[in-house]
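There are 2 protein chains.
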Amino acid sequence: MAKKWVYLFKEVDETEKYAGSWDGVRGLLGGKGAGLADMTRAGLPVPPGFTITTEACNAYLESGGKFPDGMWDQALEALEDVEKQTGKKFGDPQNPLLVSVRSGAKFSMPGMMDTVLNVGLNDETVKAMVSLTGNERFAWDAYRRLIQMFGSIVMGIPDEAFSEVMEDLKKERGARLDTDLTADDLKELVRRFEKVYKKHTGSDFPQDPMGQLQLAIEAVFKSWNSNRAIAYRNVAGIPHDLGTAVNVVTMVFGNMGNDSATGVAFTRDPSTGEKKFWGEYLVNAQGEDVVAGIRTPKPIDEMKKEMPQVYRELQEVRERLERHYRDMQDIEFTIERGKLWMLQTRTGKRTARAAIKIAVDMVKEGLISKEEAVMRVTPEQVDTLLHPQFDPKAKENSKVIATGVNASPGAAVGQLAFDADTAEEWAKKEHRDVVMIRPETKPDDVHGMLAAKGILTSRGGATSHAAVVARQFGIPAVVGCEEIEIDLERREARTDKVEMKEGDVVSIDGTAGEVFLGALPTVHPDFTKEKDLATLLGWADEIAAGDMRKWPEDYEGFPTRGLMVWANADYPRDAQRARDFGAMGIGLTRTEHMFFEEERLPIVQRMILAKTSEEREKYLSQLLPFQREDFRGLLRVMAPYPVIIRLIDPPLHEFLPRYESLLAEVIEMRVKGVTGPERDEKESLLAAVEAMREANPMMGMRGVRLSIVMPEIVKMQVRAIFEAACTEKKAGYDVHPEVMIPLVSHVNELKVIQTELEKVAKQVMEEQGIKVHYKFGTMIEIPRAALTAEEIAGVAQFFSFGTNDLTQMTFGFSRDDAEAKFLIQYVEQGILPKNPFQVLDRDGVGKLVKMAARDGRKARPELEIGICGEHGGEPSSIEFCHIAGLNYVSCSPFRVPIARLAAGQAAIKHKGETLG
Amino acid sequence: MAKKWVYLFKEVDETEKYAGSWDGVRGLLGGKGAGLADMTRAGLPVPPGFTITTEACNAYLESGGKFPDGMWDQALEALEDVEKQTGKKFGDPQNPLLVSVRSGAKFSMPGMMDTVLNVGLNDETVKAMVSLTGNERFAWDAYRRLIQMFGSIVMGIPDEAFSEVMEDLKKERGARLDTDLTADDLKELVRRFEKVYKKHTGSDFPQDPMGQLQLAIEAVFKSWNSNRAIAYRNVAGIPHDLGTAVNVVTMVFGNMGNDSATGVAFTRDPSTGEKKFWGEYLVNAQGEDVVAGIRTPKPIDEMKKEMPQVYRELQEVRERLERHYRDMQDIEFTIERGKLWMLQTRTGKRTARAAIKIAVDMVKEGLISKEEAVMRVTPEQVDTLLHPQFDPKAKENSKVIATGVNASPGAAVGQLAFDADTAEEWAKKEHRDVVMIRPETKPDDVHGMLAAKGILTSRGGATSHAAVVARQFGIPAVVGCEEIEIDLERREARTDKVEMKEGDVVSIDGTAGEVFLGALPTVHPDFTKEKDLATLLGWADEIAAGDMRKWPEDYEGFPTRGLMVWANADYPRDAQRARDFGAMGIGLTRTEHMFFEEERLPIVQRMILAKTSEEREKYLSQLLPFQREDFRGLLRVMAPYPVIIRLIDPPLHEFLPRYESLLAEVIEMRVKGVTGPERDEKESLLAAVEAMREANPMMGMRGVRLSIVMPEIVKMQVRAIFEAACTEKKAGYDVHPEVMIPLVSHVNELKVIQTELEKVAKQVMEEQGIKVHYKFGTMIEIPRAALTAEEIAGVAQFFSFGTNDLTQMTFGFSRDDAEAKFLIQYVEQGILPKNPFQVLDRDGVGKLVKMAARDGRKARPELEIGICGEHGGEPSSIEFCHIAGLNYVSCSPFRVPIARLAAGQAAIKHKGETLG
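Each protein sequence line maps, in turn, to chains A and B. For the first sequence, my numbering gives the first residue as 812, with consecutive numbering after it. For the second sequence, my numbering gives the first residue as 812, with consecutive numbering after it.
Hints were generated in silico from the structure; no laboratory data involved. Careful: at least some of the hints might be erroneous.
Pairs count within a copy or across copies, as identical chains cannot be separated in the list.
Straight-line Cα separation of at most 27 Å, DSS-like style, residue types lysine-lysine; simulated pairs [as the list claims (entries may be wrong)]: (1) K1582 / K1720; (2) K1669 / K1658; (3) K1422 / K1115; (4) K1342 / K1206; (5) K1116 / K1175; (6) K1493 / K1204; (7) K1361 / K1010; (8) K1181 / K1570; (9) K1483 / K1493; (10) K1526 / K1632; (11) K938 / K1541; (12) K1206 / K1422; (13) K1562 / K1658; (14) K1526 / K1109; (15) K1429 / K1632; (16) K981 / K1033; (17) K1632 / K1493; (18) K1308 / K1087; (19) K1422 / K1239; (20) K1541 / K1493; (21) K1210 / K1006.
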């Protein structure tokens, strides 16, 4: 028996049995097909139909364009069943069945693939439609739409070939809108469209309905591999081997008169997340009229008055769908002569803000658990929410030049680009910030939209193509800005008051739907006002802290909770922000940043150039009070949480003038024959800097190596840390300083310097007459340190993975050199799946991290282990840190909320897994 | 019952039972004590005595200077036994027993620790000795020796205090030699020595023999921790916790008249290894007279005439000892009034040449096995043998200014330094080559001797301190050069014909015993003439190849033989030398070296600066014939062995002028206002070089990264390799080229470039109409490559560990920067046990090597794995490579013999161990 390639919507139970799970059904039937089948099972009004599976699509594409054995027969059989259900017959000149042929993949790709409506109409059946509906105009309009869609989608005739003919006819007839055309006009239009069809294809429009159906199905299959679909999947991260299903659905008509309509809606507001019915509809229209943004539709609320009965039905459907799917739904419907038909339901795309609000609300409503809520929001959405917004004061002082629909929130500043190619080129090749402006957008424009910082259109509504794409990818957008008139030819846009040329800078506020001329300054949003986010992240923290994972039985280590989130902060103000964002410690304070401050740098330079130890000590004692004050503030802000302070790390020549500049100055003096003290000073500075030059400074004289050769600096730093800690403790703050020694490669380095420094710490505490709780530990940032972690943990009380340097040395990539010279090419060519400086490389660097964490705990079961590289704020890397059993990730303060969510999600995903 | 701290020589069976093994006995009794006990057991004439154990020494030192419980009583008991054996009594005024108190550690430390002779003499017993021996002069001489030794060694009185007094007396009496002093003179000398003793210590010389014994034992114990002993152990690699034993031995006297003598001998010639009795003796002398080099002794052969009976006895002892110990022995003996007494036997130190000859001869004699022979020679000895020698032609044309004893072979050129401190300072701080010149050397001089390239003395023989130390450490030495008169005050040396000042350059030939003025050129010795070495290395190869090690049962990998030795060679002449030295393949050919040749560099530079791909191809096609010829020679010389050719590795800017020089030139032109084409050219070259500059070139755009971005160069190289291989194969040579891709960190890099290059290889073979056997593989020199070896072995057919770069990146040490700035300090402070660029770091780098070797073979069981870093020629690293299951080590041609020996030794040491 042949494989089953075709499932009727009503066969949903059988489908689910075959597919094994609902996710399997979605994979097999696509999201749309699965939704239609599921709604059918739930007794909702769905037009009869069937789905040809994604497996059939893949078989078709693999065979080079042949339907797999049995598929067509099964489709005909299903069609017969639909005929029985509807009482109509496909191609019947008396009572013809018309169908739509719609694509539908597992993951929604809005507008990317093809749909053909009204399949089954021909010169005969159109007449039957006239007599059945008594609406000649409607029937001919449907026919002309079929020819147009079939021609362009199935046969590849340029859409303009049809629209030009239509515009000509409208001019001839003095018609302004499509609806001004009469039945006879449309009959004429059909004739003219048939000519266009013949001109481009060399043959007549196919009168055989079965032929129409077959070609339409093939067109949908082929559209899976269209360039624009492939490009979309690349960006959205959708695998290329899923294939699309084809849904053959009995046609229902929203354009049968004023008792008919078509619309799309969301069960909650996809922009704010508010629990209110939200959508748009168009009376006497077909579905694509809403999505295409050609006619501006009405808000769904108006339907309450205009079609109260249908509105009530829709409300009931809305509630049933949310209960059923336990998530916000995006639905399409058609009303045919007062009867509601559901054409689609799927999980609705939403803004970051809406995602968070809906997740939190649904927990409160008892619809979903806290874990589900945490999984419903992506770290990227949290990031989007915390993106900069326009400074309210600047907005007050600027003039809004146009307003439109606030289709996708956020602030964007950029130069106007009038088409997608220009937008992409400017953004990618010239690194310019771009706002793409178009009357409306189409699937072909997506590459430009993705490259742009913001999107601006003069037509379309909140469910238009531009709006949907912008929301999905978190690009700020203002759409349907009708005040703006766009002249694509002259590449200009104008309102009553201003004129804008291509390249002019505008600012668009996607949250407010406002457009400004020039660049407005941005500010960070006020995190404390994001109550829903705070609630959600609180749950994430709770989940991570409650997750207690054990080691396998053959290994004796302490169990480990889920990850805490700490922050990297050098100054008290950063630490305060981190704490506000929910950080529970400071994982990295870079002490050398403080050395660069204006009043300190000259002292630092004199200290470095000191010829004797005494001279060096003199300048260090001038630096001590500065450092002590730095540390006091940090420790106080973070009490009672720990603060890890890293001792000086960079090579000393970083604090001195650049060698090349000095060389140039000195050579100039030499050639000009300048003499005197200035020359002498430059010459001796040049000599000093030259003596410090290194072939590969990244792997040279820095970190613990410097401390061993020149211990005075770190001794001063440790004195400053402990003086600060003692002072704050006396003032009543429960401080926890942790001293971190960088760049250790051999345990003996740590032994030597840690012994010295602990002496200083103890001496200070004795002088001050108070003891503070402290730790000494090390960064694990050199492969050898990770490889010998067991020995190192015998000395260090904590490990902090410095994955920036660890990645450099594990890959042998100097980041400065690699990113500019070959790393981007590597990622583009797929040699590396990701830039390993952004996403932690699990196979290589991660292997070292895992080994070191495990070996370190062998020597010291209570070892505190974290990560302080940039990866600490990147969700996939955070998940890996959870898997590796780390105690915390430390990231920049602004990424703390993202990291908290990612840590919670990691705990949920890996619940019950053992460590190691 | 108290622990047994004291063993009589004759209790040797009991000692062995306690110690568990003969090595244990040597540890417990020291080498000297064990030898005396063993000779006693064998029935050889050994004066009765006993040994206080090293355990007692350690207990004494740990307790801060107390004999452990029971030790002294046991010593007294043993002394009583010795009294019974000799029929004498310690301290008896009629028939006194005299003893020597001698140090003796497990490993010989010549001259480093202390000995006191004639213990038991006092004002009473000296009289008994006079009447017993009827030799007044002898008795008083013995007494003055005791006071002198006891005073200087036990009480720390400077030796000069005694020698000055003696010199004064000799002047008063008009005596030239010590032996010119009469009995009365010596009596007077004793009185004067007693005054010296009192002056320096504040008390009288102890008349109580038991007190003498106790203090002497303590002095020996303490000498273990003298500065010079510690320094010696540091250099010789002897652990500091072994302790020394103390041997208390009945005195026998070689200075009782002309029927008495004392001597040292080797059972074979320690310089050449020839099987002939070899030694020296002094009639009417005590032992230290021979060793100290004060009187020049007679060759042992003369004894045949002078004391034929004793000579026969000695010959018999010699044969018995060699049969017993199955190795060449170094013996000390004394003849007291015609009776032979054996005072020591130990394994004799020998030159490199002797070590090899003795090992090979003893196999032929059936005394030892081939495995034992291979273990008897150290890789350092092979190295010494292959050290450069003076060019014979240059020697013919130079005048020998002095000849002496050829005490330690080899050629040395250096500046004369007249004392040890100067020698050390010049060598270590100023990196000057030094020849240390002294009348004779003492243990205090060892630090200077070790720092020197050569040693020259005017006194002493082949067993003098200078000779023994020089031989042990492989430092060329000419001793007893009596023609040279040394003036230490004026720091000058002179012969009849020449005068030399400190700092003058001399050349010394330790093999011939000749001294030249100025620097003579050196040449490499002719390996083919070293038949014994060839035999020995042949056995080492045989052992390595015959050693087949298996993986543990839970792992399916191919069994691995012991290591082969390959060589790194860039040119056919190097490859030929490597083959002559026994290399069985080329493990690394660096192709970029060829780019630097005079006629090629301009083409290379134009190729690098090419603006278009076509232009680049043009210059590459000019380079192709050069490279092809390079490879033809290499492949032909090595056939049928494999030749691994590494594709271009360094960053391209290494082929261009240095940035700093260009900058200086351009700035000068700018300041001077130079215009014209020369300026333009420099400016544009500067711009090009600037664009290529990198922050850390070691980790930048080089190796496979360069090949991916700019594949033209490596395509040319692969074409050259395969054109060469095809040509040579057509000429009848069985060539095996292997193409090595450097600096891989991710398997995809290899996949991309290897695919490209294999296409070129196949195309060339098609063009040439012949197929050659080839492999493609990679260097494992980046930590990530080692960590992901399993994936990489899916593509690569061989691995070659580049442990130079792997060490750099695993430690995060840039070698150029680290060695100059902190690495030497690290090794000196003991932070790192060894310089990891010299000796492979087993804990860190080695861990990666082991993981990668094992994981690589998981993916490809037949994977060919070797090492081509400098470590490939270093014995400890070679042993590690054997443990890790590598197939070969590749080293510089000159180190091939050393590596062959080390590989054989590794196979013996780790026989039967499983892999992994």
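Taking the hints in turn, this is what the structure says about them:
1. K1582 / K1720: Neither: 42 Å inside a copy, 54 Å across copies.
2. K1669 / K1658: both (17 Å within a copy, 17 Å between copies)
3. K1422 / K1115: neither (87 Å within a copy, 70 Å between copies)
4. K1342 / K1206: within (24 Å within a copy, 94 Å between copies)
5. K1116 / K1175: So K1116 and K1175 fail the 27 Å test inside a copy (32 Å) and across (116 Å) alike.
6. K1493 / K1204: Answer is neither: 49 Å inside a copy and 54 Å across each miss the 27 Å cutoff.
7. K1361 / K1010: neither (72 Å within a copy, 76 Å between copies)
8. K1181 / K1570: neither (49 Å within a copy, 57 Å between copies)
9. K1483 / K1493: both (14 Å within a copy, 20 Å between copies)
10. K1526 / K1632: between (40 Å within a copy, 21 Å between copies)
11. K938 / K1541: Cα proximity of K938 and K1541: none, with 95 Å in one copy and 82 Å across.
12. K1206 / K1422: Classified as neither: same-chain Cα gap 56 Å, cross-chain 50 Å, threshold 27 Å.
13. K1562 / K1658: Both: 26 Å inside a copy, 22 Å across copies.
14. K1526 / K1109: neither (72 Å within a copy, 65 Å between copies)
15. K1429 / K1632: between (44 Å within a copy, 24 Å between copies)
16. K981 / K1033: neither (34 Å within a copy, 118 Å between copies)
17. K1632 / K1493: between (34 Å within a copy, 24 Å between copies)
18. K1308 / K1087: This pair counts as neither: shortest intra-copy Cα distance 37 Å, inter-copy 116 Å.
19. K1422 / K1239: between (50 Å within a copy, 23 Å between copies)
20. K1541 / K1493: neither (47 Å within a copy, 65 Å between copies)
21. K1210 / K1006: The answer is neither: 52 Å in one copy and 112 Å across copies each exceed 27 Å.
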